[in-house]
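Heads up: the sequence lines are chains A and B, in that order.
For the first sequence, counting from 1, position 246 maps to 226 in the numbering used here; every step adds exactly one.
For the second sequence, counting from 1, position 291 maps to 271 in the numbering used here; every step adds exactly one.
Some hints could be false.
A pair counts as met if it fits within one copy or between any two copies, since identical chains are not told apart.
Here are the simulated lysine-lysine pairs, DSS-like style, with alpha carbons at most 27 Å apart [unchecked claim]:
{"id": "1", "residue 1": "K342", "residue 2": "K244"}
{"id": "2", "residue 1": "K135", "residue 2": "K(-5)"}
{"id": "3", "residue 1": "K135", "residue 2": "K375"}
{"id": "4", "residue 1": "K135", "residue 2": "K11"}
{"id": "5", "residue 1": "K275", "residue 2": "K(-5)"}
{"id": "6", "residue 1": "K236", "residue 2": "K11"}
{"id": "7", "residue 1": "K236", "residue 2": "K342"}
{"id": "8", "residue 1": "K342", "residue 2": "K11"}
{"id": "9", "residue 1": "K342", "residue 2": "K375"}
{"id": "10", "residue 1": "K275", "residue 2": "K375"}
{"id": "11", "residue 1": "K244", "residue 2": "K11"}
{"id": "12", "residue 1": "K244", "residue 2": "K375"}
{"id": "13", "residue 1": "K375", "residue 2": "K(-5)"}
{"id": "14", "residue 1": "K11", "residue 2": "K275"}
{"id": "15", "residue 1": "K236", "residue 2": "K(-5)"}
{"id": "16", "residue 1": "K342", "residue 2": "K135"}
The hints are simulated quantities; they were obtained by calculation from the structure and are not laboratory data.
Keep in mind it's a predicted model, so treat the numbers as computed, not measured.
Protein chains: 2
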Amino acid sequence: MLDLLAGLVVSNTTKIVLLSLDGLAGLPHLKTGQSEMETASLPNLDALATEAACGLLRHVAPGITPGSGPGHLGLFGYDPLRYPVGRGVLEALGIEFDLRAGDVAARGNFCTVDAAGRITDRRAGRISTEVNIGLTERLRDIRLPGVEVLVEPVKEHRFVLVLRGAGLGGRLSETDPQTLGTPLPVRALEPSSERTADLVNRFVAEARQRLTDAAPANMVLLRGFDQLPALPRFPEIFGLRAAAIAAYPMYRGLAKLVGMEVLKTGSGFADEVATLRQHWEGYDYFFVHYKDTDKAGEDGDFDAKVSALERFDAFVPEIRALGPDVIVVSGDHASPSVLASHGWQPVPVLLWSRYCGADPVKAFSERACAAGTLGVMPAQHLMPLVMANALRLTKYGA
Amino acid sequence: MLDLLAGLVVSNTTKIVLLSLDGLAGLPHLKTGQSEMETASLPNLDALATEAACGLLRHVAPGITPGSGPGHLGLFGYDPLRYPVGRGVLEALGIEFDLRAGDVAARGNFCTVDAAGRITDRRAGRISTEVNIGLTERLRDIRLPGVEVLVEPVKEHRFVLVLRGAGLGGRLSETDPQTLGTPLPVRALEPSSERTADLVNRFVAEARQRLTDAAPANMVLLRGFDQLPALPRFPEIFGLRAAAIAAYPMYRGLAKLVGMEVLKTGSGFADEVATLRQHWEGYDYFFVHYKDTDKAGEDGDFDAKVSALERFDAFVPEIRALGPDVIVVSGDHASPSVLASHGWQPVPVLLWSRYCGADPVKAFSERACAAGTLGVMPAQHLMPLVMANALRLTKYGA
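Construct all of the structure, not just a fragment, from the sequences and the given hints.
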């Protein structure tokens, strides 16, 4: 499909903005029967929905709850099942670690083991990030033959391990048994990862020695081993100068993964919109990320999610005033407040352009969008529609 | 897809009920313009639809009319095109024949041939089941080298032939020329079925001799040769203790085929609901089958189908009172009264749970469900949604 698209791309000067509201979709409040989107006052989004074609996006498959990685890959036009991205890679992207081709990354936990080596706490009592920083210092001194060992603290008990060197392989089993028991040795899941498995097992043995007096964080668990996936590059497939604007590092990392340029911005959405205005002339496509909706949803805070939606809505006129040719508003997955986590529910999408063919939908919500002309569609179908609406695709066949 | 799902399954104590109304979907009455579902008074199903997410299921592909086998496999989460089940196997399941792995089953017809061996009636004038029973007795005496020959009467002119023994193959052509002509010899469609082809041809030759004086039923036609398919087991894929409640043997057989436990029940739907109540604690998932809708549709009896729907509706409160976490109401295919047969039309589905995200649909009918948030979807997408709503799947990717 990406090859087909790439072959149909024609150049144009049209400008595209993708506004990704993280965790956008919600569920009805048990008392009012209205979802966060239905409860919020969204005059600008409703006006845009009235002029737009609307629908619902499914990012991975029906019933499957997407992580933020697969969710955004879908929005960018990639089939998330065809291009899996390991947890280790996402964790590294999340701290803006400069992961390079061939590096093997894993997500690490400090944990507690007893004298017999049995895990008694998989999260080492959620040690503070400060303690974590001290302990990762110790692990950085570990030397392994022929590879560089990179260890970076994340938050609380979490860290990232990266091995860098020639001929490594990321097809490795996890050391985390998921239940209490003893940590498992890493096994290579492919012959090309056998040397890496040995190196990782040596790292774990050394780590145990160096942490022996560091209870409760006296051992490590490693999972989600992976290497940077070889993703087709977004700017080349779609012939777009593409820029990403995101206050959170993980989303900058995902954009970088597909070859978008990451623009420097501030920590709030007002900063992001300012960055958009500032770089308006320099790019054809802007991925602009809004985090607050997901944060509120994951906290299970219905009212906070309503407010986050309303705050976002207030920025819409400013973005429209820039004169984009295509505007998409959607998200990477649902985060319903009643679930207090990501959800599998399809995510409202509106696609606005001069040629979108407005449908009867007059409000931007889960239920209203269900009646839109886009229907319920895989998220990776969005980019071809965006490109068409930007008059950047020629016809297929004569 | 089933592998992906199996990898995401987490345990929970939630309970799921699938209510399968056989041949549920219909078509508008030519006089009133209203379908059976629209004509029936369904207060309990309409209330459930109001609280549920609704849509339409396509079991095989657009325009393809599903048999009950593929229709139910779809509801159970299997792609019916990937897991075909031969007619011989379905016929054997339909009479609750204890078909075993390796057995080759075929669907048989008694037919009439003239002195030159040409078929003059493919159904032998639809002889009575009693005559059939007498004739199958004669065929049971046929002996073939190295295999057991099992012949079971079905109804009127139909019977089941099963060969049991080591090294048999079910990839065989049919003897039924489908038009009038002479019965065809069986050919092996794969080398591993060659010995079986020889054995079947010997059976046919012997059968002809034994039936020579039995006109109009003086010959047999055999088709739909197949062996039990190796289906991934439903309880293992989905991590569910799964039970089937069905008054009709064919549906019990289908459930057994995917590894569900078949619960003993009576002959009416009230018995089935009693069985459901009785076994409520013992299982996580219940497939409950309702036959009357299909029967009326296949009889072309619009009013009887309306009544069948209304009778079903009356049981809904009793089922809800058990406190399921997820309720699905749908069917295995359409059986529109105006067609008096199975139809290719998509089948209404409602999926109710605390997290389903109610959509604007307020009635359980073909047209109302077309506006639901589930959209028109392949039936095999239902199980992932059911699992998600039962909070029995973790997210994909980080």
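Tested hints:
no. : hint         : result
1   : K342 / K244  : neither (35 Å within a copy, 49 Å between copies)
2   : K135 / K(-5) : neither (38 Å within a copy, 37 Å between copies)
3   : K135 / K375  : between (49 Å within a copy, 21 Å between copies)
4   : K135 / K11   : neither (35 Å within a copy, 56 Å between copies)
5   : K275 / K(-5) : neither (29 Å within a copy, 30 Å between copies)
6   : K236 / K11   : neither (42 Å within a copy, 42 Å between copies)
7   : K236 / K342  : neither (35 Å within a copy, 45 Å between copies)
8   : K342 / K11   : both (24 Å within a copy, 19 Å between copies)
9   : K342 / K375  : neither (31 Å within a copy, 32 Å between copies)
10  : K275 / K375  : between (41 Å within a copy, 17 Å between copies)
11  : K244 / K11   : neither (42 Å within a copy, 41 Å between copies)
12  : K244 / K375  : neither (37 Å within a copy, 30 Å between copies)
13  : K375 / K(-5) : within (20 Å within a copy, 34 Å between copies)
14  : K11 / K275   : within (22 Å within a copy, 42 Å between copies)
15  : K236 / K(-5) : within (20 Å within a copy, 43 Å between copies)
16  : K342 / K135  : neither (42 Å within a copy, 47 Å between copies)
The structure does not agree with the numbered hints 1, 2, 4, 5, 6, 7, 9, 11, 12 and 16 stated previously, though it agrees with the rest.
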